[in-house]
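Enquirer: Listed below, chain by chain, are the residues.
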Amino acid sequence: MIAWLSRGINLPLALAAAALLLWSVSAGDSYSLRLLTTAGVFATAVLGYQFIFGHAGALSLAQGTFFGLGAYVTGITGSQLGWGFETTFLLSIALPMIVAAVVAMPVLRLESHYFALATLGIGQVVLLIAINWTSFTGGANGIAGVPGVGIFGFDVLRGWPLLVLVWSIAILASLLSWTAMRGTTGRAFALMRSDTLAAMSCGIDIRRLRFQAFLLSAMFGGAAGALHVHTNRIISPDALEFHIMVAILVMTVVGGRTHIAGAFVGAVLLSHLAEWFRFLEHYYLLAYGVLLLLTVVAAPWGIVGTAEIARRRFFPETISPPPRPNQIPSAEEPLHGLNIRGLTKNFGGIRALDNVNIDVQPGEILGLIGPNGCGKTTLINVVNGLETADAGEIRWNDKLLNGNSPDALARSGITRTFQSTRLVEEDTALDNVAVGRWEGGKGPTIDTARGQAMTLLNALDVGNAAMTLVQSLTQGVRRRVEIARTLATIPSLLFLDEPAAGLSAEERETLVVAIRKFAKDGLTLVIVDHDIEFISKVSHRIVCLDRGQVIASGTAAEISQDPVAKSTYFNGTSNPKAGQSQDD
Amino acid sequence: MQFIQLALNGLALGAAYALIALGFVLVLNATRAVNFAQGDLVVTGGFIGAALASQLPLPGYALLPVVMLAMAGVGFCVSALAYWPIRSRPPVAVFTTTIAVGIILQNGLNGVFGPEPRSAPPLFTGSNLDIYGLAVSRQSLAIIAAAAFLIAGQLFLTNYAQLGRAMRATAQDRDMAAAIGIPVARMIAFTFAVSAALGGAAGLLLANQFFVTPTDGTNLIIKAYIAVVIGGWGRIGGALAGAMLIALFETIISAWMDYTVATGLLYVAVLGILLVRPSGLFGEVEGRRA
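First to last, the sequence lines map onto chains A and B. Position 28, counted from 1, in the first sequence is what this note's numbering calls 160; the numbers after and before it change by one each time, with no gaps. Position 140, counted from 1, in the second sequence is what this note's numbering calls 721; the numbers after and before it change by one each time, with no gaps.
Okay, chain B solo, but in the shape it has when bound (with noise of 0.2 Å):
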């Protein structure tokens, strides 16, 4: 009984770790670089949630799409200042701007809202459901819903329609895309609004149950960054799958023992995958780029 609640959990804080994650890949496949920002901008996410809430009272899935919607015009922004007047250096340029953005993001929150945890509404009001004599947390099931319906909606947006084949052109080979009438730019613009707004969406979700503060964007930028790394560099499905296994990893280890063994455990275990699989548990995209 409890192992499957804990379960549940560990699925509703894997859910939001994907979307975290999935849009640190999105990033990662279209420009090369590894975005540090994303963790705040999750932050940012839940915060933009938790004040909106305080002067509206709407409920979480109406809340949902505005906070998206805000998100992605501050992708739009990290894109503009951060990564393209510096598109042609080397990566670790980009990777030192976005540790720029991520502090900017963090210390703006600090100076807004201050250091106090903030909460924003559940997706859905209401009590606990009562599955077989389970006690299910409506809002978990929220979380798993609305993430696998947001990660459907991207994996669709790729794989089939116009616009997503344009972004993974661009992501292939930025040249050939252009030279072919891609517009380049307005693509990786794109790109890090859909991976900011995913983000938002994912720290809305996280603020109800667990609270945000300031300065949980580190943490939550290291278990993105596990994720794709033991995913495997570059493949979408591994980071999904590498979210789901640290979320449960550290889900099931915290009830055992405790959340700081599990942090601990989790980096000793990232360190150990480095040294016998330096290309991740499922393979790193070979040949990506020439």
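The following block holds chain A by itself, in its conformation from the complex (with noise of 0.2 Å):
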């Protein structure tokens, strides 16, 4: 009990909590009871907008409406259907979830700003409908006199049964919530929302998991506006008015958009500051507007989001001993290597790829050299599925890949790493790591995952970074927990963009030693990199291309004697590194 107190910002949150619990028992007074289960439902929908807005990373602005279609469903089948909570809880959760699927359809591919607008635009249909419709939704005036909480016969009373059962029902969601991203799934969520590239490298399927986060959304939503009307007994159209959806966002940012404790301490505040500002009348939605504001600009984490910062930064806590290293799965071994067969791939009027064949047998480590701008990167994304090539073949254990996507590819074991590192920075170096085993869900537990990770850091000579966060990592470090993160992948054909860049000689070295020892295991690598040195004592075969063309192959002893590549490559001086820059 006191270690768990001690960890984190456990500690205040308890405290916040019993001081929450103490209050409300005290007061006691209808009024203040009745803002207390108003919390509680907004604590429910801010649970589900978490997941969209705050996990997945995508600007929804259908939370409002998701809010005011479940306070619809329970208010019309309530008061004119007379139908138990029972069944119009559940009615009330369906509909914004089968809402959510129809609109999530067109735009989940899509970058997020267009997921706003589909968002924004679904609520105002809803609302048109819900003022027009006047038979059946009450038009403008609503329906007044819907029930309060029946279930199975038994009344739920206004006052303390309801916000029992209110927060029965908040605490419910977070529990749910804290399941589904407690796990590595969590950890995938997290790498989505930092960068989609390095998401997909590790077989993350972006759209899946943004469409499961807007269905969830949409549940809790529903959910929470079914609560809202037996709490308020009427149902209008001000449900589906956008000030529904302005105050769950800024409780979302105010508490913060990925901690369930943010949930409720977003709502407890704001809805109680909403009461407290009435004296302002039609001001109060204006604080909220000034509170956004100065929220994303000066803490954009929100409360417990800057809270947590403050503790690691003023009140240190130990790091947690590394987990034991576990054993990590091994790739099934291919029958067939890599036959790529005249690969062509235009950039405007540039050729970047021109008539390419390369053969890569499997274990085998090949070498790409070339100088900057001869398409090695071009090459890299085209195999992986990030440019689509415009003429030739690619074949992997004599499967064709053409056309798949970058994330359909690393599922089936070809994956790769990035010229600049795609970490996520506020995650320690072997959650990066770990997340490379969500396997799409179907993955080990996080333990196991850590574990697993473990074997791969200390494999990478990294293991004693493990516990940091990978933000105050140097450059060398980050790049092996990059390669530790496509390893956890358990790839069986994998692309190394610049993996030395940033190491020093003595990385170098062990990093030669552990390559070559994946090679053994049977992993196939195709390693792109400037330092001739390294590329020569890592790499079984070398391939030199130029302006998009291979023009020599063979070891690095043969490569070194090759005029064709000496002249362009070498270009004449005896240090190959000269004049190279990072990028090409």
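Worth flagging that the hints you see were computed from the coordinates, not collected in a lab. Virtual Cβ for every residue (Gly too), placed ideally from N, Cα, C. Some clues are possibly wrong.
[What the hints assert, rightly or not] Just a few of them, taken from the derived set where beta-carbon distance is under 8 Å, the chain B residues facing chain A:
{"hint": "1", "residue": "Val-615"}
{"hint": "2", "residue": "Ala-674"}
{"hint": "3", "residue": "Thr-677"}
{"hint": "4", "residue": "Thr-678"}
{"hint": "5", "residue": "Ala-681"}
{"hint": "6", "residue": "Ile-684"}
{"hint": "7", "residue": "Ile-685"}
{"hint": "8", "residue": "Gly-692"}
{"hint": "9", "residue": "Ile-833"}
{"hint": "10", "residue": "Ile-834"}
{"hint": "11", "residue": "Ser-835"}
{"hint": "12", "residue": "Met-838"}
{"hint": "13", "residue": "Gly-845"}
{"hint": "14", "residue": "Tyr-848"}
{"hint": "15", "residue": "Leu-852"}
Put the complex together from the two separate chains, hints included.
Expert: As structure tokens, this is what we get:
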């Protein structure tokens, strides 16, 4: 218990929860109870909104609409048909989810701003329907006399019983949210939100995650709306107006976008703030606006997130020891290697790849060299599905790869690292690697995944950085953390884009040994780097590209003697690294 | 006959939408950020016009530059408060701060002026013009002319003037622009100011025929947003065409059925467009930024 309290910001959160409980018991008048009930209702809506806005990082403006839809379903079925809570509540959850599924289809693959527009648009349509379909919805006046909660004939009265029901549902919602996000799934969301390319390289299907997050947000939104109408006993278009969306957005931002505690802090604080600001009359929403602006600018992680950062800075915890390394499964060994035939890619008038033929045997390490702009990175991008080839075939283990998305390729064992490392800065190195074991949610538990991640970090000689936040690691360590992350997806074919950049001579030596060992265990690798010494040491064979064409191929010794490779790549100087920049 | 009348009304509405959409795209191209407050800036312009007219007996054409100047000041504040401090954060952060600005403007107007609709004076007073037996609204023609003048001025500024070149350079590659000595911060603030001034002009023009209420902003930003999406994200010409298209759609369908149906159909059409042509009717500006 004491150990738990001393961890993170659990102590202040526990104190706040106790204070809230004491205050609600001591206040006890119907007005305060009603306010607290409202806070519980909104906490549920905010927990839902955290999925899509916080975890998935997509700006949905439909949370108010889901809330309103849930409210209308309960309002209409409860008052007109007299159905019980057990039915109306489920319907209130189902309808928003159906609407969410329909709206999400056209916009999931698009960028966030289309998502915002589509979700805003659906809100307007629903509002228009609610106002104009008078016979069904009661029009602008709505429907009064919605009954209270009756579950299988038992009436849940206003005051304490309703408060307990609402908060039980809010707590149930937070448990759901906690289970959904505690494992590697939470890490997968974090990676997707910080870098979509990196997420795809770990096999994360971004559309699927966004869709799930959106459905969950609709589900919680609908539930909150249903509870809202039971609290207010009247349903009107007011429940669908934009100010509900605004309230949920402000609560989420102020409390903290991804913290369960943040949902409660935001909801309790803002519902009371609205009351305290009542004297401002028209201006109380203005105060919301100011608060939102200030929070985004000055404390983007919200109250709970900021408290966590403060705890780390002013009362640093002793870093917990790294987990014990765990056995990691190995990939199936392919019968055939990588066969690239006639691969061509044009960018406007520039031919980045020109009829490239390359073969790599299973378990082979191929070094890819060439001057800047020779097409090395384009080759990796095309094979990994980031760009589509204009002509040519790519086969791996005799299966055609052309036309597959990067994440589908990663799931089938073909992945890559990036020239500039793409990691989740505010996560530990260990969790950055563990996310590779996600496997669409079918991977091992987070504890097993962490153990396996530890094995990989040790193999790359960066095990001592496991518990450090990535933002404070050096470039050389970050590169190897990224390599470990791709290895965690258990690839059979791996492309490393400049793995040695930023590493010291000593670190390069250990990297060579580590890579050689992975190849020995069956991994096939294609490595791009400018350091010819490193490439010569690590590769079995080297291919030299120039202006999109293969100009030489052979062992390191052969390449260094090849007259064509020499004149283009070595450029007559003894130091091939001179004048090379990091990107090409 | 009636159709020509309708088309003229549609064009006038489209001209005002075009001004709003143009302001939206200018900020979008300069900062890659969606300015969600654009609709509320329009409404603010309308209210400033209405408030000034009640104090000073000025005709609309004299009010227009005053409103635009005031709104330029507001736009400058928006960039300083809601964009500049968080310029290096992901676009969704700026989206959120501009939502906040919208809330502040909307409720500020509601607090100061109350929720009742207001109207601003027409650009030119006088009865309808009689052109070949057609009663043509003077204000409709004036709106089209004023919007055309402002849009042409804006296009001239961005395409031919030195200042516009600097703005475009800032929009294309901020670091490079800074490296060759363009004052990037000033350029962005200026873009916000121009965009708010265009929005304010639209507000004054709309406030005569259609009135303004403090809550109109949400509806207007959706229209501008739709115009930009169907015109191709980031395309100025596309946004102007998109604005005309949705205004004509709205006017004709409203006359034929009613406004609610028109609005509903518009959203359904947009979702359909996103489904089959996600880059808009005229294609997205590709490779603007790596």
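Enquirer: Are the hints correct? Go through all of them and say.
Expert: Verification of the supplied hints:
1. Val-615: Cβ of B/Val-615 sits 5 Å from chain A, so the hint holds.
2. Ala-674: Nearest chain A Cβ about 6 Å off; hint holds.
3. Thr-677: holds, 5 Å
4. Thr-678: Holds. Min distance 5 Å.
5. Ala-681: holds, 4 Å
6. Ile-684: holds, 3 Å
7. Ile-685: Cβ of B/Ile-685 sits 4 Å from chain A, so the hint holds.
8. Gly-692: holds, 4 Å
9. Ile-833: violated, 18 Å
10. Ile-834: Violated. Min distance 13 Å.
11. Ser-835: violated, 13 Å
12. Met-838: Violated. Min distance 12 Å.
13. Gly-845: holds, 5 Å
14. Tyr-848: holds, 4 Å
15. Leu-852: Holds - the Cβ of B/Leu-852 comes within 8 Å of chain A, reaching about 5 Å at its closest.
Figure legend: structure checked against the earlier numbered hints; hints not met, in rising order: 9, 10, 11, 12.
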